[in-house]
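Student: Each chain is listed here by its residues.
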Amino acid sequence: MTGPSSPGGGDTAPTVCVQPLRDPDMSSVIYRVSDLVYAYGNGPRVLDVPGLEIERETITGLIGPNGSGKTTLLKLLAFVQKPVQGEIRFKDRPAGPFAEHARFCVTFLPQTPYLLKRSVYKNIAYGLKIRGITDDLDRRVEGALAVVGLSAELFRSRHPEALSGGQAQRVALAARLTLEPEVLLLDEPTANVDAESAHLIKEAVLAARQDRGATVLVASHDLQWMYEVSDRLLQMYRGGIWEAGNTNVVPGPWRPGSDGRWEKHLSDGGRIRVPRPPFPDASAVIDFSLSRPECGEAGANTLLGRVSRLILEQKREAVAVTLAAGHLTLTVRASCREVEGRGLLPGRQVLLCYDPDAVVFI
Amino acid sequence: MEFIVSGLLKALVLLTSGDAETYSAVFATLRVTTASMAASLLLGIPLGFLLGHHDFPGKRQVRILVDTLLSLPTVFVGLMVYAFVSSRGPFGGMGLLFTLPGIAIGQAILALPIVISLVATATQATDRNLRTTLISLGAARRDLLLTSLWETRHGIITAGLVAYGRVMTEVGISMMVGGNIKWHTRTITTAIALETNKGLFAMGIALGLVLLLIAFSVTLGVTFLRRRS
Amino acid sequence: MKKTVALFTLMIICGMAVLTCGAQEFGAPLMMATTTSTDNTGLLDYLAPLFKKDTGIELRWTSVGTGKALLLGQNCDVDVLLVHAPEAEKEFIAAGYGISRMEVMFNDFILIGPDADPAGVKGKGVAEALAAIMDKQAVFASRGDDSGTHKMELSQWKRAGLATPEGEGWYLQVGQGMLTTINVAAERGGYTLTDRGTYIKYSADHKDNPPLKIMVEGDAGLKNRYSVVLLNPERCPKINVSGAVAFARWLADEKGQGYVKGFELMGRPLFFPSAK
Chain A
1 MTGPSSPGGG DTAPTVCVQP LRDPDMSSVI YRVSDLVYAY GNGPRVLDVP
51 GLEIERETIT GLIGPNGSGK TTLLKLLAFV QKPVQGEIRF KDRPAGPFAE
101 HARFCVTFLP QTPYLLKRSV YKNIAYGLKI RGITDDLDRR VEGALAVVGL
151 SAELFRSRHP EALSGGQAQR VALAARLTLE PEVLLLDEPT ANVDAESAHL
201 IKEAVLAARQ DRGATVLVAS HDLQWMYEVS DRLLQMYRGG IWEAGNTNVV
251 PGPWRPGSDG RWEKHLSDGG RIRVPRPPFP DASAVIDFSL SRPECGEAGA
301 NTLLGRVSRL ILEQKREAVA VTLAAGHLTL TVRASCREVE GRGLLPGRQV
351 LLCYDPDAVV FI
Chain B
1 MEFIVSGLLK ALVLLTSGDA ETYSAVFATL RVTTASMAAS LLLGIPLGFL
51 LGHHDFPGKR QVRILVDTLL SLPTVFVGLM VYAFVSSRGP FGGMGLLFTL
101 PGIAIGQAIL ALPIVISLVA TATQATDRNL RTTLISLGAA RRDLLLTSLW
151 ETRHGIITAG LVAYGRVMTE VGISMMVGGN IKWHTRTITT AIALETNKGL
201 FAMGIALGLV LLLIAFSVTL GVTFLRRRS
Chain C
1 MKKTVALFTL MIICGMAVLT CGAQEFGAPL MMATTTSTDN TGLLDYLAPL
51 FKKDTGIELR WTSVGTGKAL LLGQNCDVDV LLVHAPEAEK EFIAAGYGIS
101 RMEVMFNDFI LIGPDADPAG VKGKGVAEAL AAIMDKQAVF ASRGDDSGTH
151 KMELSQWKRA GLATPEGEGW YLQVGQGMLT TINVAAERGG YTLTDRGTYI
201 KYSADHKDNP PLKIMVEGDA GLKNRYSVVL LNPERCPKIN VSGAVAFARW
251 LADEKGQGYV KGFELMGRPL FFPSAK
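Protein chains in written order, with our numbering: chain A, 1 to 362; chain B, 1 to 229; chain C, 1 to 276.
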């Protein structure tokens, strides 16, 4: 890692990211978030996370629709913004924008990165210069460009206007990777780029973790990649965050149904039953699972779905099974054995079950 | 109409023959505009940056005020400055009336709103992502400020050019505060006014062309600087 | 390289700004307020170096309208006045702003107009001429700026027993200097009242064949008197009193008066010395 290690970490302004010595008692949690809230002005909360921990040297994937709060969460963890409420602890100390113990350890790649109005070389060297690293700049810049697959001779003197979208994204990533950060946060790094750039970016991100033990948080719509690369997958919806497993969000509207429950009618005739929602358009967070004998009698809390996609989550030896139920898309996890055993194939009709009383509204 | 052509010829003659009166006016113009531009840029750039960058209560009102001052009539500014630097005024003892520094002060007042407004606009137009990017690369507050300023440099240069144009061509302040005194506070613009009032239009045109020549050289120089950055 | 250029430019800028601040003079200069008519004739350009040679004092002047010249004197922004508005000067002194006025030279006013002479005023007396102009509604350009010339013009309408043609379409109130007013009259083929000095200069500029010719002259009431007005040192403690007095004395002396007489354009004197 970069820089000298200084046990105890002094109070003098660091010029590099201080790495405490590896120590078995050292906490493996690099981020600890509590009661984190963000909202714009007096508007509704765009982020509401009661608790979250990120472990060192892991790749955490963030999935969810646009507006679910992924960018906000990343920006807060990058200390680019201050939360409206709550606390983020970085390496066990509270941290915020310009925090000295976090400033040089965390980098963030926004969805549309801004390249400074100067050459590619100077853009990549900027972060190094701030850290006071002025030796070997040529080698570092060349190395950074190589990692993202750009030729140093061709690109070092180019200006941002002369770069394609994908090339600009790669340069931005190179500028961050060259800083050998402890934490790398990325917001949709492969959206809006050409296939070759996307591929190189993914490789570089993986290498950051493999070779330098960086902690990575990535938000992406590329579900294939998310499932492949993540040690842990989190899904977000309207500011809330859950482990991606069997949790699904079912939006309203809900209608009053029989026996005191409310229900949603699906286009294929199926129904989902829930307790009374706070308002008819509320979204319900429901845990679905492939039906088992324990689910109870068929009809009351089961739902018929049709398998549409199966994706292997390599790291966890599990399969994400996506099903269509009417117009809804639901995802559940199953072990490889289960998939084989139940004969889950795209097109198959499968029964899912859920517990209406365990439904939470957001 | 013929005075335009004879004006052109006269301009060449004036410049090449080293006509003392003309060169005196040229140097007076250069000295006073350089001083007033230096002052207005030194004050205006930081103020404009602050106005564009930060949010504070009353920001919109301040912006409206600054934009209104873009239309300050030069004679009005001249009158106001005269009121202050006249013998009877609060700054009467400083001997600023009928001097080039006096004119420079008035011109700085004229240029300041231009610089502030245009720099503020350029600052606001800068991508919001700039701040995010800089922080994400480890910038401290000071780095953020300096780098943001440098990124906005094209807007700042434009602000300077526009202000310079206004200041170089104004007559009201130079006349009121300077007094159009030959060899001392006669600038090109007051000289043009004088010659035109005397009915010597060709001379007026000639001097006007000299002014344009200066403006052209300055713009050329600035454009060269712009290219190199 | 870029940094050197930038530094160099910065130094030039600072240098210029500094230069602006300090020109050294030897002997305090004399600041005078005078009128555009006086200045436009070129008299002061002619007198200033002579004054410097004889007394070592540098004469500086700003030429503005008579009203403004008097105001500058009132505000103690100048050291001395050279104007040609006897009534206003007397009021100025009566009000305590000035302590004395000394008549140094005069010329006269003349009525000029186009060759075509639409109102038929040539050779007439002033009062008759103005009456004819009003009758025929011929274009007349007035200074309209409260200057000495303007005051003279207004007094002539009064003398002729006519109401000032305020608001009439043919009466153009130019509000600017004498030469500009003459040019407006020439443009519109009309008449105007001007001092002879300015007319001679105007004539010279047009190579002795100007569009407007002298129509009426020699009338007793058309005398244009120039005076040096000394400001009240008690009201204006900071002014260059010795310089002002020196100037007044110099111009009134035989030598100065000789200079005035010697100032000619196209072989004609513009001013007539009249100091007693």
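Just to be clear, a hint being listed does not mean it is correct.
[As the list claims (entries may be wrong)] A few chain B residues facing chain A, derived, Cβ under 7 angstroms:
1) ASP19
2) ASN129
3) ASP143
4) GLU151
Just so you know, the hints here were simulated from the structure itself, not pulled from any lab data. Glycine included, each C-beta is placed from N, C-alpha and C at the ideal position.
Student: Does each hint fit the structure? Answer for all of them.
Tutor: Evaluated hints:
With a cut of 7 angstroms, the hint placing ASP19(B) at the interface with chain A is violated, because the nearest CB-to-CB distance is about 45 angstroms. Taking 7 angstroms as the C-beta cut-off, the interface hint given for ASN129(B) holds, the closest approach to chain A being about 4 angstroms. About 6 angstroms separates the beta-carbon of ASP143(B) from the nearest beta-carbon of chain A, less than 7 angstroms, and the hint is met. Checking GLU151(B) against chain A: minimum C-beta separation of about 6 angstroms stays under 7 angstroms; hint holds.
The structure fails to meet hint 1 from the earlier list, while all remaining hints are met.
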